[in-house]
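Residue-level listing of the chains:
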Amino acid sequence: MKKIAYLLLIFLSLNSYAATQRVEVMGMVCAFCAQGIEKSLQTIKDVNDVYVNLDNYFVIIESKNTVGIPDEMIKNIIVDAGYDVKKIETINASVKEIRAKYEKK
Amino acid sequence: MAAPMSYKGSNTTMIDLSQHYSKIDTSYALTAKDALGLKLFQAKGEGYKLTGEEFYYLRRLHRINAVESQTNLWLFLGAGIMDVKKNNRSDDQAYVSPTIQADYETRRLYIMGSYQLMRVAHDNFDTSKFKAGFSFYKTSYEETQPWFILEFSHTNSVSEKLEIVPTLRLINKALYFEAGISTAGDPKLHLMYTF
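So the sequences go chain by chain: A and B.
According to our numbering, the first sequence holds residues 18 to 122 in order.
According to our numbering, the second sequence holds residues 568 to 762 in order.
For reference, chain B alone in the conformation it holds in the complex (with noise of 0.2 Å):
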């Protein structure tokens, strides 16, 4: 599981809790390769602080579903408006967003990378995203699958560094936990669950 949406007719939400970004997500499945969302999040870092209200479509724009396998095209087109703080300035801006994100699962490994456009005003926030890593064994539906995650984040103007983050991933069903420390100490949460 890899984005926002799981089966048909069913609400994904998700809470991301850190120091310096801080998001709540919550989407509907129309069909099984659309979904509506809305979300609301805080980013801090070099001087900008940036708050926004986005509603998003989502779409599955391709799948392979192998036997040991699946393999994922998402599009992402998000619309919304920004708060914009930098240097004791606010202004707020409207903004339209697409990510473009590819993704490989297997009961063992999973694999993600992800490109978000944001250009609000004169100003580039674009995120790019790679995540890798694997499971540490096998489990049944029943039991908690425990991950250990690495991911590689940059957003443009709001830091200049690569933000790496070790993570352990906990799968029980409709519910997906992950925590890590970046390598700056910065602790993160995310959390989703489906209904």
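This is chain A alone, in the form it adopts within the complex (with noise of 0.2 Å):
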């Protein structure tokens, strides 16, 4: 019993996403001015990776933890970068596939 529930207990914690975030940013057109986007989320411990896509106007945020980066203080952050956030959803993909996806092109 003990070994099925150790077994159950590493394979959940293999399934077990660390959250992504996907903020939608209105007024990011240029490149040096989301720069400051993406440096003031770094600042935050409990973020992992962050991608910047002018041509779609979203950033991902990709946490260390589980539950993700309260909405509060992304929509703070971008705000003090000197932007606006129009949407901030979770979503079931890590940063790198997202940028994968996006930069092949």
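Treat the hints loosely; a few may be bogus.
To be verified - A few chain B residues that face chain A, going by a derived Cβ cut-off under 7 Å, partial list only:
hint: 1; residue: A599
hint: 2; residue: H629
hint: 3; residue: Q668
hint: 4; residue: E672
Calculated from the structure, these hints are not laboratory results.
C-beta: ideal position from N, C-alpha, C; glycine also.
Reassemble the complex: the two chains are provided individually, in unrelated frames, and hints are given to aid placement.
Below is the structure:
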């Protein structure tokens, strides 16, 4: 029984993704300005990786934890960088996967 | 990016170099809308040589963030000391210099207009600027984006002529570089870095 519980725990941990959030940002028209968003987000200790996509006006935030970064904290950081947030949603993909999808063109 | 200000807590440093105008400028963003800065500059023109040290406050008065564009209205309030050399006479003068600037930017288009009021004793050194340009193509966040910008500027007293400068602008994340040659043959460099 103990063995089954242990194996189940390993299985669950292998399948538990770090939380990834997709943030739609208004006014993100150049890399010089957008780098402020990337730098500010990277100062949060729970953030593992950040991906900025100017073509589709979104930022992806991958957390080290499974719950993600509080929406209010993300909004404050983006507003402090000079932009507005349109939408925040949790998605089921890593920054690596999203980067590969959009940068392979 | 059209003003020396980035995200809250950031420093922005700019350098301008040309035969007639040189400047070093550094600022710190206290909030997303306010920055404090210091600049040293030198301008040479018809009979004049101006050397100044200025402390300024920059306020982002208004910003419209749309999905594909950004529109800004900025106010600079500068105060400093300027050494005005004219006809072998040299005088240190205190001055106050407000500037109003508006800009509109998309990923392919850039338009900016500004007016700087600068009155020193009985001299009028007001400067007006207009810049407009386009990016050759869209780039991803990681790539260097090239732009062509045409700049028109005029400073009272220093020059009677309108200066026109075709400029190549390159932007790569925190680095912003411009190089151009005025129609009078004066090469110009502009470098801006945020950290």
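Subject >> Status of the hint placing A599 (chain B) at chain A (closest C-beta pair under 7 Å) >> reply: 5 Å, holds
Original post:
Does Q668 (chain B) pass the interface hint, meaning its C-beta sits closer than 7 Å to a C-beta of chain A?
Top reply: 15 Å, violated
**OP:** Grab the minimum C-beta distance from E672 (chain B) to chain A and call the hint holds if it beats 7 Å, violated otherwise.
**Re:** Holds: closest Cβ of chain A sits about 5 Å from E672 (chain B), inside 7 Å.
Subject >> Cut-off 7 Å, beta-carbon criterion: hint that H629 (chain B) touches chain A >> reply: 12 Å, violated
The structure fails to meet hints 2, 3 from the earlier list, while all remaining hints are met.
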